[in-house]
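2 protein chains.
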Amino acid sequence: MDAELLTIGNEILIGQITNTNAVWMAQQLNLIGVSVIHMSSVADEREAILKAFDDASERADLVLVTGGLGPTKDDITKKTFCEYLETDLITNEDVLSDVTSFFTKRNKELTDINKKQSEVPNGCLVLRNKNGTAPGMWMEKNNTIFVSMPGVPYEMQGIMTDSVLPEIKKRFKLPFIYHKTVLTQGIGESVLSEMISDWEDALVEKEISLAYLPSPGMVRLRLSSKGFNETELKNKIESETEKVKPLIEKYIYGYEEYGKDQPKIEEIIGQLLLEKGLKLGLAESCTGGYISHLITSVAGSSDYYNGCIVPYHNEFKNNLLKVDSSVFEKHGAVSKECVIAMVKETILTFKADVAIAVSGIAGPGGGTVEKPVGTTWIAVAYGDRIIQKQFVFGDNRQRNIHMTAMTALNMLRKLILKIED
Amino acid sequence: MDAELLTIGNEILIGQITNTNAVWMAQQLNLIGVSVIHMSSVADEREAILKAFDDASERADLVLVTGGLGPTKDDITKKTFCEYLETDLITNEDVLSDVTSFFTKRNKELTDINKKQSEVPNGCLVLRNKNGTAPGMWMEKNNTIFVSMPGVPYEMQGIMTDSVLPEIKKRFKLPFIYHKTVLTQGIGESVLSEMISDWEDALVEKEISLAYLPSPGMVRLRLSSKGFNETELKNKIESETEKVKPLIEKYIYGYEEYGKDQPKIEEIIGQLLLEKGLKLGLAESCTGGYISHLITSVAGSSDYYNGCIVPYHNEFKNNLLKVDSSVFEKHGAVSKECVIAMVKETILTFKADVAIAVSGIAGPGGGTVEKPVGTTWIAVAYGDRIIQKQFVFGDNRQRNIHMTAMTALNMLRKLILKIED
Numbered sequence: 198m199d200a201e202l203l204t205i206g207n208e209i210l211i212g213q214i215t216n217t218n219a220v221w222m223a224q225q226l227n228l229i230g231v232s233v234i235h236m237s238s239v240a241d242e243r244e245a246i247l248k249a250f251d252d253a254s255e256r257a258d259l260v261l262v263t264g265g266l267g268p269t270k271d272d273i274t275k276k277t278f279c280e281y282l283e284t285d286l287i288t289n290e291d292v293l294s295d296v297t298s299f300f301t302k303r304n305k306e307l308t309d310i311n312k313k314q315s316e317v318p319n320g321c322l323v324l325r326n327k328n329g330t331a332p333g334m335w336m337e338k339n340n341t342i343f344v345s346m347p348g349v350p351y352e353m354q355g356i357m358t359d360s361v362l363p364e365i366k367k368r369f370k371l372p373f374i375y376h377k378t379v380l381t382q383g384i385g386e387s388v389l390s391e392m393i394s395d396w397e398d399a400l401v402e403k404e405i406s407l408a409y410l411p412s413p414g415m416v417r418l419r420l421s422s423k424g425f426n427e428t429e430l431k432n433k434i435e436s437e438t439e440k441v442k443p444l445i446e447k448y449i450y451g452y453e454e455y456g457k458d459q460p461k462i463e464e465i466i467g468q469l470l471l472e473k474g475l476k477l478g479l480a481e482s483c484t485g486g487y488i489s490h491l492i493t494s495v496a497g498s499s500d501y502y503n504g505c506i507v508p509y510h511n512e513f514k515n516n517l518l519k520v521d522s523s524v525f526e527k528h529g530a531v532s533k534e535c536v537i538a539m540v541k542e543t544i545l546t547f548k549a550d551v552a553i554a555v556s557g558i559a560g561p562g563g564g565t566v567e568k569p570v571g572t573t574w575i576a577v578a579y580g581d582r583i584i585q586k587q588f589v590f591g592d593n594r595q596r597n598i599h600m601t602a603m604t605a606l607n608m609l610r611k612l613i614l615k616i617e618d
Numbered sequence: 198m199d200a201e202l203l204t205i206g207n208e209i210l211i212g213q214i215t216n217t218n219a220v221w222m223a224q225q226l227n228l229i230g231v232s233v234i235h236m237s238s239v240a241d242e243r244e245a246i247l248k249a250f251d252d253a254s255e256r257a258d259l260v261l262v263t264g265g266l267g268p269t270k271d272d273i274t275k276k277t278f279c280e281y282l283e284t285d286l287i288t289n290e291d292v293l294s295d296v297t298s299f300f301t302k303r304n305k306e307l308t309d310i311n312k313k314q315s316e317v318p319n320g321c322l323v324l325r326n327k328n329g330t331a332p333g334m335w336m337e338k339n340n341t342i343f344v345s346m347p348g349v350p351y352e353m354q355g356i357m358t359d360s361v362l363p364e365i366k367k368r369f370k371l372p373f374i375y376h377k378t379v380l381t382q383g384i385g386e387s388v389l390s391e392m393i394s395d396w397e398d399a400l401v402e403k404e405i406s407l408a409y410l411p412s413p414g415m416v417r418l419r420l421s422s423k424g425f426n427e428t429e430l431k432n433k434i435e436s437e438t439e440k441v442k443p444l445i446e447k448y449i450y451g452y453e454e455y456g457k458d459q460p461k462i463e464e465i466i467g468q469l470l471l472e473k474g475l476k477l478g479l480a481e482s483c484t485g486g487y488i489s490h491l492i493t494s495v496a497g498s499s500d501y502y503n504g505c506i507v508p509y510h511n512e513f514k515n516n517l518l519k520v521d522s523s524v525f526e527k528h529g530a531v532s533k534e535c536v537i538a539m540v541k542e543t544i545l546t547f548k549a550d551v552a553i554a555v556s557g558i559a560g561p562g563g564g565t566v567e568k569p570v571g572t573t574w575i576a577v578a579y580g581d582r583i584i585q586k587q588f589v590f591g592d593n594r595q596r597n598i599h600m601t602a603m604t605a606l607n608m609l610r611k612l613i614l615k616i617e618d
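Protein chains in written order, with the working numbering: chain A, 198 to 618; chain B, 198 to 618.
There could be a bad hint or two in this list.
Since the list gives no way to pick out one identical chain from another, each pair is judged satisfied if it fits inside one copy or across any two copies.
[Claimed, not checked] Below 25 Å or equal to it, Euclidean Cα-Cα: the simulated SDA-like pairs (lysine to any residue) are:
| id | residue 1 | residue 2 |
| --- | --- | --- |
| 1 | K461 | N207 |
| 2 | K305 | L410 |
| 3 | K302 | P411 |
| 4 | K248 | T341 |
| 5 | K611 | S412 |
| 6 | K248 | S232 |
| 7 | K423 | L410 |
| 8 | K276 | T308 |
In short, the hints are calculated from the structure, not lab data. Only a predicted model underlies this, so the values are computations on that prediction, with no experimental measurement involved.
Can you build the whole structure from these sequences, using the hints too?
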């Protein structure tokens, strides 16, 4: 079953708001086996809306329409639906009673404009809205179902959960869609793709689709498959996830499980530290506190995190982390010797079991021929065991900061789990 | 001039990522006088893409396409463009040289798959991508311009800013849209709106539109007007900006000038520190390094920033910032006494002229009846002068961290500029 999402409203087109409704609806539909094949946003204009209805009904079995249901003059969705369905607006007594009690409860006066909210296209199935005044409406034309809902996210979500999703499941026999996502760090999309190309090629005949989802420093590999036997699908995807694991094991820092949120690397590290009872300390030069910010953005991080020093000049690397001034003279602040000294002292300062120290040239200034912008040294320590590595990331300051953080967190994870690099 | 935004990629349709590109592009186009009349998202499928190209060319003069340009097998945008334009892929030597140097700089091997990134439809205008390997491409068919760009936000934004927007301005006579944005911190949208309501009401007949653009801790007020006489528009908007200033002066931390990026508060603070020759030090408990991250995300911040200590437990507030243990016993770590002690020692530790110290309960745990989640103390110091204040922000951890940072930075700004609170 193919669905299309249609948003009506100028606020999306002028970039005033982000279309978060579309993400939520797509996730909910995918979870019950409905494929979203198209999304559109159009203005509050009669011709544009009618054209969008026509186009959508050619593509999809189900069209979910949000927006344009407010009581003001610029909202014309209901009127345009009547024109499209060749019918008229009639007052629905259930909705009128809902709207009246909505205003009574809030001690607000019910105006004629508010009463108009209870008018719906004749013949539609009304979907009650417990969070607002504009009802949802379920309509059909030429074998396509149209559902119209308000654009306010929690009103739309209420109507979807209470009425639309149950109604779809009741009326249609839907396939099951199973997903699992492999989260990798430290390998680019193209090298990754070459490493797993034989495995990837064999997915086609198993009817599993694979998507590469890159972000700086990370690539997510999403496997998905659709069918009617839930157990079979699950086993098939889990088995392929197991097969790809040995090919790229050292890059995999976690998995996104079906129906759950994607875990962030700082959450995975946090969980690991908590399980092992380890305390973390940080020393950040080029990342300027970003790793500390990521770690502390996780609720409960004070259970495993002790603190951070950001020594943004050599003088403070010396004063606060006892990096000997000879290190700066002989090797510079962006050096193996410097990050090793930093990470050792961080363990002591924060009475930590594990620590990360980074020093690099984030840019755009500060690069030299030997050490261009992007050059970064990272050291991670677990007690006495220290691993340090040099990277050359790139030209972009924000990206260098982010890449350094992602790489450092994954190095720490591998050190704790004794995964060879 | 009418534009359409087309996103290609399954990740949007299954709800895995939010389409933030569309918001950013719509804003940028609106600012130069181009109207966005339609947005669509389609799957990485030949037929769906070809149909979307056809439909878009009927509606719009300009179609901006993002996504589907990765080097892997699931990305078919380029191939489908060739089919649509009835042309072939050819290697572009400039792009090949960009791609090669992209990999060389990073000490990574250039694979055959990477080389394919330099293939573009014959006859297209290539738009260089300084942040990645997939170039932008400017093509035309039946009087409609198609621009294809990668979906990675900072790559797309780079190509838009460097090439697409200037090219549109060069080729078309667009109405002039002048705008100026007043940046405020520390006042909510509704209170702000009441304070300026008479001024706001008078804008209508001057044909100036006003938008409230809220984000946690901040509200931006954007004034804009459209026409063909640039000087007249500019004078009109500047004059209204001057009129609103005395009404809300203490909340205004800056302005976004026409044609320039919105200055972030950390950039405004950075500029101020640089001009006055002041050095900054930080001590962050509840914000966990976020203020330090913001400060150091500005290029050149090492000229005025010395460093930060994140003491995530009382023990380290005591060891590193000499907060007396009696302070914790008598007043707790989230107290006036604690942040004053922290800010004083931060001035000394980092040999700083100005400093910020924060301590609060970010949540979700740690709240009490007297000090609920969101309770935060902030102290700012300029030499011997210290100002401290308590806030109770709210329940959401990420929002509390962000609100604390925004508020602290603005308190420091006001202290330096001697603006009364």
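Status of the hints after comparison with the structure:
1. Proximity of K461 and N207 under a CA criterion of 25 Å is satisfied inter-copy only: 22 Å between copies versus 34 Å inside one chain copy.
2. For the identical chains of this complex, K305 and L410 are inter-copy neighbours only, at 20 Å across copies versus 43 Å inside a copy, given an alpha-carbon limit of 25 Å.
3. With identical chains, the CA atoms of K302 and P411 are at most 25 Å apart between copies only, with a shortest distance of 20 Å across copies and 41 Å within one.
4. In this assembly of identical chains, the alpha carbons of K248 and T341 lie at most 25 Å apart whether taken from the same copy (15 Å) or from different copies (19 Å).
5. In this homomeric assembly, K611 and S412 come within 25 Å of each other (Cα to Cα) only inside a single copy, at 20 Å, whereas the closest approach across copies is 38 Å.
6. Proximity of K248 and S232 under a CA criterion of 25 Å is satisfied in both settings, with 22 Å inside one chain copy and 18 Å between copies.
7. For the identical chains of this complex, K423 and L410 are intra-copy neighbours only, at 19 Å inside a copy versus 40 Å across copies, given an alpha-carbon limit of 25 Å.
8. Taking CA atoms no more than 25 Å apart as the test, K276 paired with T308 passes inside one copy only; the shortest distance there is 20 Å, against 57 Å between copies.
Checked against the numbered hints above, the structure violates none of them.
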